[in-house]
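Letter by letter, the chains look like this.
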Amino acid sequence: MALLQISEPGQSTAPHQHKLAVGIDLGTTNSLVATVRSGQATVLLDEDGHALLPSVVRYLPDDGIASNQVDVGYAAQAAQSLDPQNTIVSAKRFMGRGLKDIDISQQPYQFLNSDAAESKQLVQIHTRAGVKNAVDVSAEILKSLKKRAEQSLGGELVGAVITVPAYFDDAQRQATKDAAQLAGLNVLRLLNEPTAAAVAYGLDNGSEGTYVIYDLGGGTFDVSILKLAKGVFEVLSTNGDSALGGDDFDRRIFCWILEQSKCAPVNAKDTRLLLTKAREAKEWLTDHTNAQITCKLSNGELIDLTLSTKQFNELTQTLVQKTLTPTKKALRDAALSIDDIKGVVMVGGATRMPQIRLAVADFFKQTPLTNLDPDKVVALGAAIQANTLAGNRSEQDLLLLDVIPLSLGLETMGGLVEKVIPRNSTLPIARAQEFTTFKDGQTAMSIHVLQGERELVTDCRSLAKFELRGIPPMVAGAARIRVTFTVDADGLLSVSAREITSNVEANIIVKPSYGLSDEQMLEMLKSSFGAAESDKNARMLNEAKVDAQSLTQAIRAALQQDAHLLSGAEAESIHTQLAAFEQLILGDDAHAIHQATEALNTATENFAAKRMDASVSRALAGKSLENLNL
Amino acid sequence: MYSRFADLLIADKSAPTIKRKSIMAITLTQTAANRVEKFLSNRGKGIGLRLGVKTTGCSGMAYTLEFVDDMQAEDTAFDSFGVKVIVDPKSLAYIDGTELDFTKEGLNEGFKFNNPNVKDECGCGESFTV
Numbered sequence: 001m002a003l004l005q006i007s008e009p010g011q012s013t014a015p016h017q018h019k020l021a022v023g024i025d026l027g028t029t030n031s032l033v034a035t036v037r038s039g040q041a042t043v044l045l046d047e048d049g050h051a052l053l054p055s056v057v058r059y060l061p062d063d064g065i066a067s068n069q070v071d072v073g074y075a076a077q078a079a080q081s082l083d084p085q086n087t088i089v090s091a092k093r094f095m096g097r098g099l100k101d102i103d104i105s106q107q108p109y110q111f112l113n114s115d116a117a118e119s120k121q122l123v124q125i126h127t128r129a130g131v132k133n134a135v136d137v138s139a140e141i142l143k144s145l146k147k148r149a150e151q152s153l154g155g156e157l158v159g160a161v162i163t164v165p166a167y168f169d170d171a172q173r174q175a176t177k178d179a180a181q182l183a184g185l186n187v188l189r190l191l192n193e194p195t196a197a198a199v200a201y202g203l204d205n206g207s208e209g210t211y212v213i214y215d216l217g218g219g220t221f222d223v224s225i226l227k228l229a230k231g232v233f234e235v236l237s238t239n240g241d242s243a244l245g246g247d248d249f250d251r252r253i254f255c256w257i258l259e260q261s262k263c264a265p266v267n268a269k270d271t272r273l274l275l276t277k278a279r280e281a282k283e284w285l286t287d288h289t290n291a292q293i294t295c296k297l298s299n300g301e302l303i304d305l306t307l308s309t310k311q312f313n314e315l316t317q318t319l320v321q322k323t324l325t326p327t328k329k330a331l332r333d334a335a336l337s338i339d340d341i342k343g344v345v346m347v348g349g350a351t352r353m354p355q356i357r358l359a360v361a362d363f364f365k366q367t368p369l370t371n372l373d374p375d376k377v378v379a380l381g382a383a384i385q386a387n388t389l390a391g392n393r394s395e396q397d398l399l400l401l402d403v404i405p406l407s408l409g410l411e412t413m414g415g416l417v418e419k420v421i422p423r424n425s426t427l428p429i430a431r432a433q434e435f436t437t438f439k440d441g442q443t444a445m446s447i448h449v450l451q452g453e454r455e456l457v458t459d460c461r462s463l464a465k466f467e468l469r470g471i472p473p474m475v476a477g478a479a480r481i482r483v484t485f486t487v488d489a490d491g492l493l494s495v496s497a498r499e500i501t502s503n504v505e506a507n508i509i510v511k512p513s514y515g516l517s518d519e520q521m522l523e524m525l526k527s528s529f530g531a532a533e534s535d536k537n538a539r540m541l542n543e544a545k546v547d548a549q550s551l552t553q554a555i556r557a558a559l560q561q562d563a564h565l566l567s568g569a570e571a572e573s574i575h576t577q578l579a580a581f582e583q584l585i586l587g588d589d590a591h592a593i594h595q596a597t598e599a600l601n602t603a604t605e606n607f608a609a610k611r612m613d614a615s616v617s618r619a620l621a622g623k624s625l626e627n628l629n630l
Numbered sequence: 001m002y003s004r005f006a007d008l009l010i011a012d013k014s015a016p017t018i019k020r021k022s023i024m025a026i027t028l029t030q031t032a033a034n035r036v037e038k039f040l041s042n043r044g045k046g047i048g049l050r051l052g053v054k055t056t057g058c059s060g061m062a063y064t065l066e067f068v069d070d071m072q073a074e075d076t077a078f079d080s081f082g083v084k085v086i087v088d089p090k091s092l093a094y095i096d097g098t099e100l101d102f103t104k105e106g107l108n109e110g111f112k113f114n115n116p117n118v119k120d121e122c123g124c125g126e127s128f129t130v
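The listed protein sequences derive, respectively, from chains F and R. Each step along the first sequence adds one to the number in this note's numbering, with nothing skipped, and position 506 is 506. Each step along the second sequence adds one to the number in this note's numbering, with nothing skipped, and position 27 is 27.
Please note that a few of the clues may not be correct.
Stretch-level coverage of chain F by chain R, calculated; a stretch enters the list once three of its residues show a Cβ under 8 Å from a Cβ in chain R [claimed, not checked]:
id	region
1	4-10
2	37-46
3	151-164
Hints are computed from structural coordinates only; laboratory data are not their basis. Idealized CB from N, CA, C, for every residue including glycine.
Same shape as in the complex, but just chain F (with noise of 0.2 Å):
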């Protein structure tokens, strides 16, 4: 029995019609998926009232009916301590990400072939159901919101918005879209974070302006400025702190209660226990004044603090003022001033933290917008974006723009980068550009494409690389290459490269070096032709065999039946070739059993004649002429 939903006026569907989309917030810390539901977005709760999903992925042990099973949530994350190297945390941190991107002795993994730390390929990580990467393990998280929002929902999802950070790269994103892909999930939209938090207040239907998007989350800053012009979002700059969140409001509070007790270094299990009081103190602060401190160590030490929120303040207060800086450099990169911003939306968990308002407040001259769940409001964004888009509203639809967070560009002689698309751009975007040939009579070109704003290759982030062949021999300088560079609304690039006098081109649709690296592509692909021409060989002796021994049955087949028709020589002669024959046909020469397939069969050709009359004769014998039906 399927249940009904609330319509807007006249717009009810027909049934089976009805299009289910929701909008994901693929976090760092926490995962969530939200719909849009008799025209309010909620978000979707787990069987126990959850509506966050720790990003946590478990890889369990075989136990011996099911192989291959994960935990998701919850039960990964109880599992975390138990099981470091299975149990897989902030994977979207490796999001798009070789392992020369990270630093992975601060990790618990057993990462893949660190000493190819210089290939582009993505982080892989070895756990006991195999060499994962944060692609697959992103896609176990998807899979487990998908499946809460088919069983919430009734039916099945025609598709998905998921939020990214505004800052993700071309790798990132797409990483992002191959995890929702593993997942079975359609991807309506990649939707950045901060504006999918703009749509959920509604900003798109108020009026124009530039607004901040001040996102606290538990591991992670990032602040971003978008400007709202005839409905349309514009994201004007981003920055932020990848290692500044919550969590390090809970290690401040947690030296607090060292430094105040005086214990002795404890251990890990005590590490645990103190910070999860230290969160639970710094949740209580939100509401109240002072927050007691209450526990036993392992040594059997008694802890009893009272932390009010003056103190906590004041240990905080430098991490308060830590945010503040990339907001500066974020204004300052968007050429605004505060007395520009119109409104400021607070998005993350830690921005309930009374401090973080007073300080925001504080710095804007304006009251944040903090009535919406701070920890939902990018899913909540992202519901209502996808119920757009699914084609469930006909009112005239949010057209959301986003910009390019890095430089697009091409690799020049010396080693230089040549910034085609530059950063900020809006999309989708197409821009073209002109090169020439270096050498005189130089016949083929290199495109070498970059992502960064810095000046050498080395110092960009490697996208792709491709030739453009058969230029006509030229003077150096003569022939006329125009570069075109393409990124679709969704940030993903194709670049193409023609030489205008000759118009050979060459394009290349950039599936971000993430992945694979052209040499391992390149080498798939060799060996994938490798492969099919010993194939083919196989097939064609298989086919020759089968052939041959057919053939020598039904010359055995003959002798044996029709042997006085030949001479004693002919006899020979046949038994002699088809023995060598036989023989021949064992080994595994296709070219060779072919040919002498043939020989036999020439050779055969007077007996098979000789036992044709004899055939017709026995046929037509003590036959009269009017018998036959001719």
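Following the hints, put chain R in place on chain F, whose structure we already have.
Relative to chain F, chain R alone:
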């Protein structure tokens, strides 16, 4: 009210004539009413909830459920737990006496029509025949 409704039924030849003694009512359960009220206040506008039917679906008729911004002259309105329930005359013939409930089935939740006129329902419950 009733006489105008009857006229409409006669005037509209395509609508099957259903013999009835009087209009019963369309009601909401308390749970459904609370939900509708909440949805309406979240939406920020709207005067009530429209129940209706349309002729599509796998089993003849399909239910519709919409917010109402403007009431039409021919509409009938009922009051149920303070929520204005609005039905157009054609639909009313098919759903008179219906009680709308809000239920949870596992993780799924939504509105459910308990319609006394229904003879046959498709498996999914989104469409029916009278």
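Taking the hints in turn, this is what the structure says about them:
no.	hint	result
1	4-10	holds (count 7)
2	37-46	holds (count 7)
3	151-164	holds (count 4)
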